[in-house]
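Quick mapping for you: the protein sequence lines, in order, are chains V and C. Numbered per our numbering, the first sequence spans residues 1 to 452. Numbered per our numbering, the second sequence spans residues 1 to 214.
The reader is advised that the hints may include incorrect statements.
What the hints assert, rightly or not - Some residues of chain C that are not near chain V, with every Cβ distance over 10 Å (derived):
hint	residue
1	M19
2	A22
3	G24
4	D32
5	D47
6	E73
7	G100
8	S152
9	R174
10	S188
11	Q196
12	D200
13	A210
To be verified - Here are the computed lysine to any residue pairs in the SDA-like style, where the Cα-Cα straight-line distance is at most 20 Å:
hint	chain 1	residue 1	chain 2	residue 2
14	V	K372	V	S427
15	C	K107	V	L309
16	C	K107	V	M273
17	C	K107	V	A298
18	V	K304	C	R109
19	C	K107	V	A307
20	V	K304	C	L106
21	C	K107	V	R299
22	C	K107	V	L295
23	C	K107	V	V303
24	V	K304	C	Y211
25	C	K107	V	A305
26	V	K304	C	D108
27	V	K372	C	R137
28	V	K304	C	P132
29	C	K107	V	L306
30	C	K107	V	K372
31	V	K372	C	S152
32	C	K107	V	A296
33	V	K304	C	V110
34	C	K107	V	V313
35	C	K107	V	S302
36	V	K304	C	R137
37	C	K192	C	S152
38	V	K304	C	E133
39	V	K304	C	A136
40	V	K372	C	I177
Everything labelled a hint here was simulated from the structure, so no lab data went into it. Backbone N, C-alpha and C define an ideal beta-carbon position, used for all residues, glycine too.
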Amino acid sequence: MVTDSRPARSRPPLGLGSSLTAAYYGLGLAGLIVAEVGLVLVLLGWVLLAGAAIASVPVGPGDGHQRILLLLLFLTAGLAIGRFFVCPVLLALRQLAGLTRRLAGEWCGVPIAESYQPPPADPAQLPYTARLRWLLTDAATWRDLRWVVVNALVGWILAAASAALIVVGGVAFLVPVVSRAIPPPAFPGNTKPVLAVIGCAMVVTGVAAAPWLLRGYGLLAARILAPSGQAELALRVRHLSQTRTEALDTGAAEIRRIERDLHDGAQARLVAMGMTLDAAGQIIDTNPDAARALLAEARDSSVKALAELRALVRGIHPPVLADRGLGDAIAALTLDMPLRIHLASDLYGRPPAPVESAAFFAVSELLANVSKHAEARETWIDIRHTDGMLRIGVTDNGHGGADPARGSGLRGIERRLAPFDGILAISSPPGGPTAVTMEIPCELSLPKTSSS
Amino acid sequence: MRVVIAEDLFLLRDGLTRMLQAHGLEITSAVDNGADLLAAVAKDRPDVAIVDVRLPPTFTDEGIRAALAARREVPGLPVLVLSQYVEQLYARELLASGGGGIGYLLKDRVFDSAQFVDAVRRVAGGGTAMDPEVIARLLARNTGNVNVGALSPREREVLALMAEGRSNVAIAQRMVITERAVAKHTASIFLKLDLQPSDDDNRRVLAVLAYLEG
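Chain V on its own, in the form it takes in the complex (with noise of 0.2 Å):
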C-alpha cells in the first residue's frame, strides 16, 4: 500500500480551541525534537568523553606529544566502541523520525510520505558492516540527520515558541498583576498596567500565532523529510515491480488450480463417459439391459461433469459479473448467502473488468468472512464511485475483532487490490460492529447500450 501525499490544506483550522490544541502540539513537537537531539548526542557522546578524557588526565607542562598520542588512543578506542552505537542509533533517530511524519501529519495538516530503503534481507540476522551500510547508503538516514540538525538550530523555535508565549506571557507578566505569589520581572518601569499590557500581548500572539506556526514546522519537516522526486519514482518503481510480482504468482497459482482442476475433474470424467460407452456399445445386441444401465451411467457423468464445470467457471469469472457488471452481480452473490444483507449499489457505468473482478471475489471473500466469524445478524454492502474512485463498504454487526495481520483472507484481499494500486481499511473492534472499506481507483465506462 503506498501512503497517499495529498496537497496540504491552505489554511490550518483557526479559533481559540484549535490555537490552544496547536499551542499544545507544538509542545509535544518540541519534546520530540529533544529527544532526537539527545539521540544523536548518545552517537557523538563518544566524541566529546574521549575529549573530556584527555582533557582531565593531568600532564606535565611539555609533554605535547603524550597529549597527542593519548587523543589518537582515545579516538581509536572511541571510534572502535562508537560504531557499534551507529546502528541502534539510527534504527531509534528512524522511530522518532516516523513519528515525526506521522504527526505532521496528523497534527500540522502536511502528510509526508516514508522512503527508506528495504534492508536487504532481515536486519536482525545481517552482519553489523551490512546493516551499517545499508543504513548509510539511504539518501533518508541523512535526510533524518539533516532534520535533526534543522530541528536544532531552529524548529525548536517553531515548535515551542506559542506554548512558551503564552505561557511566559501568562505566568510571568499577567499572575504578578494579580498576585504577589510570583515576583514581577525586573526591569525599569515595571508597573501593573505596563505588565498587563505585555503579559497580554504575549499571551494574544502566542495564542494567534500557534496554528501558523505549528503548519510552518509540519512544511518544515516536508522539506526536509519528504523524499525528493526521484525517491518518490523509486518508491513507486519498487511498489509496482513488487506488486506485479504478486499478481504474476497469483495469476499463474490460479491457472495451476484451474488445470488441476480440470484434469482431476471434468476431463476424468468425460474419460470414464468415453469407456462406459464403449462399454455399453459391445454389450448392446447381447445384454440391452445391462447395456442401458450403463448409458444411464454415462448420463450421470455428463451431468456431473457439467457440474464441476460450472462451479470452475464460477471460480474464475461468475456469469452474472460479465453479464451484468459488479452491482448485479454482488447482487446475486447475497441471494446465496444466508446472511441479512442490505446492499446500496450506485454504479452508472462499468468498472474496468479486471478491477470489476477484483471487486467481485473480495466482496466475496469478504462475505465469506462474515458468515464463518463474524456471527453477525445484519450486513450492509456499499457500493459507489465517487471522485474517480471505486468504493466498497462491507459493514456487519457482528461480534468485531477482525485482525489483518492474522487473517491469510484480508492478506489475500489486500494482494488482489494491490495491482490497483486500490487499499483495504478495516476497523473491527472487539465486541464489534465490523467495517471493512476498500478503495480501488478506476474509471467507469458507460453501460453498454443493449441492441435488443
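Could you slot chain C onto chain V? The hints should help.
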C-alpha cells in the same frame, strides 16, 4: 403443442428440436437470436417459448431480456429459459414478470428427456419449473430460518419439489409415496411456514418461492 426455440448453438438447437418432436411437440420456429425470437413469437403465437440465456449479439443475459420482452409483447406467454448456470437473481426477475408460465432450468436437465418434456408441458400450461439447483440454493439461504428449520427431512424434500413447481401427483411419483401422504406433508409445511394453503398448484408454488426468497 406449439413451441418456439431460441438457441444460438446449432447442435443444441437441432437436438432440442428433434427431442421435442420425438415427444410429439410441434416446433414452429427455431431461431438463433433475441430479435428473431420476438418476431417468431409475434408471428407463430406459440404455446411456449424455450430460450437460451446467452444469445448474440452480446452473449450475456440477452435471452432473459428477450424472454421478458416477449412476455411484454404477448402477455402471459409461457417462457422456459435454459442456461449453463442458474442464478437466483435471474429466477427472481423472471418470476417478477408475474402471471405464471415461467421455467428456468439448467441445460443439463435436457438429458432426462421425459422430465424435461414434462417441465415444458407444465410451463406451457401456466405452471412453474424452477431448477432444483435454484431451489437448493434458496433453501441453503434459509438455513437460519427457524420455520424452515422446524420442517422434518421428509417435509423439506416435499418443499423442494413443490418449489420446483411439481404437482402433488408428480411429487408422490418422485418420492414413491401416496398422494395422500404428500397432501399431509404439504398441509404441515404450510402450517409451519405460516402460509395460506391453496388448491391452485401454481399459486402454491409462487407462495412457497416468495416465502423462501423472503
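Verification of the supplied hints:
| no. | hint | verdict |
| --- | --- | --- |
| 1 | M19 | 14 Å, holds |
| 2 | A22 | 17 Å, holds |
| 3 | G24 | 22 Å, holds |
| 4 | D32 | 13 Å, holds |
| 5 | D47 | 23 Å, holds |
| 6 | E73 | 12 Å, holds |
| 7 | G100 | 22 Å, holds |
| 8 | S152 | 20 Å, holds |
| 9 | R174 | 17 Å, holds |
| 10 | S188 | 23 Å, holds |
| 11 | Q196 | 25 Å, holds |
| 12 | D200 | 26 Å, holds |
| 13 | A210 | 14 Å, holds |
| 14 | V:K372 x V:S427 | 18 Å, holds |
| 15 | C:K107 x V:L309 | 13 Å, holds |
| 16 | C:K107 x V:M273 | 18 Å, holds |
| 17 | C:K107 x V:A298 | 17 Å, holds |
| 18 | V:K304 x C:R109 | 12 Å, holds |
| 19 | C:K107 x V:A307 | 11 Å, holds |
| 20 | V:K304 x C:L106 | 13 Å, holds |
| 21 | C:K107 x V:R299 | 13 Å, holds |
| 22 | C:K107 x V:L295 | 19 Å, holds |
| 23 | C:K107 x V:V303 | 10 Å, holds |
| 24 | V:K304 x C:Y211 | 30 Å, violated |
| 25 | C:K107 x V:A305 | 13 Å, holds |
| 26 | V:K304 x C:D108 | 9 Å, holds |
| 27 | V:K372 x C:R137 | 18 Å, holds |
| 28 | V:K304 x C:P132 | 14 Å, holds |
| 29 | C:K107 x V:L306 | 9 Å, holds |
| 30 | C:K107 x V:K372 | 32 Å, violated |
| 31 | V:K372 x C:S152 | 26 Å, violated |
| 32 | C:K107 x V:A296 | 17 Å, holds |
| 33 | V:K304 x C:V110 | 14 Å, holds |
| 34 | C:K107 x V:V313 | 15 Å, holds |
| 35 | C:K107 x V:S302 | 12 Å, holds |
| 36 | V:K304 x C:R137 | 17 Å, holds |
| 37 | C:K192 x C:S152 | 10 Å, holds |
| 38 | V:K304 x C:E133 | 13 Å, holds |
| 39 | V:K304 x C:A136 | 16 Å, holds |
| 40 | V:K372 x C:I177 | 38 Å, violated |
When each numbered hint is compared with the structure, violations occur for hints 24, 30, 31 and 40.
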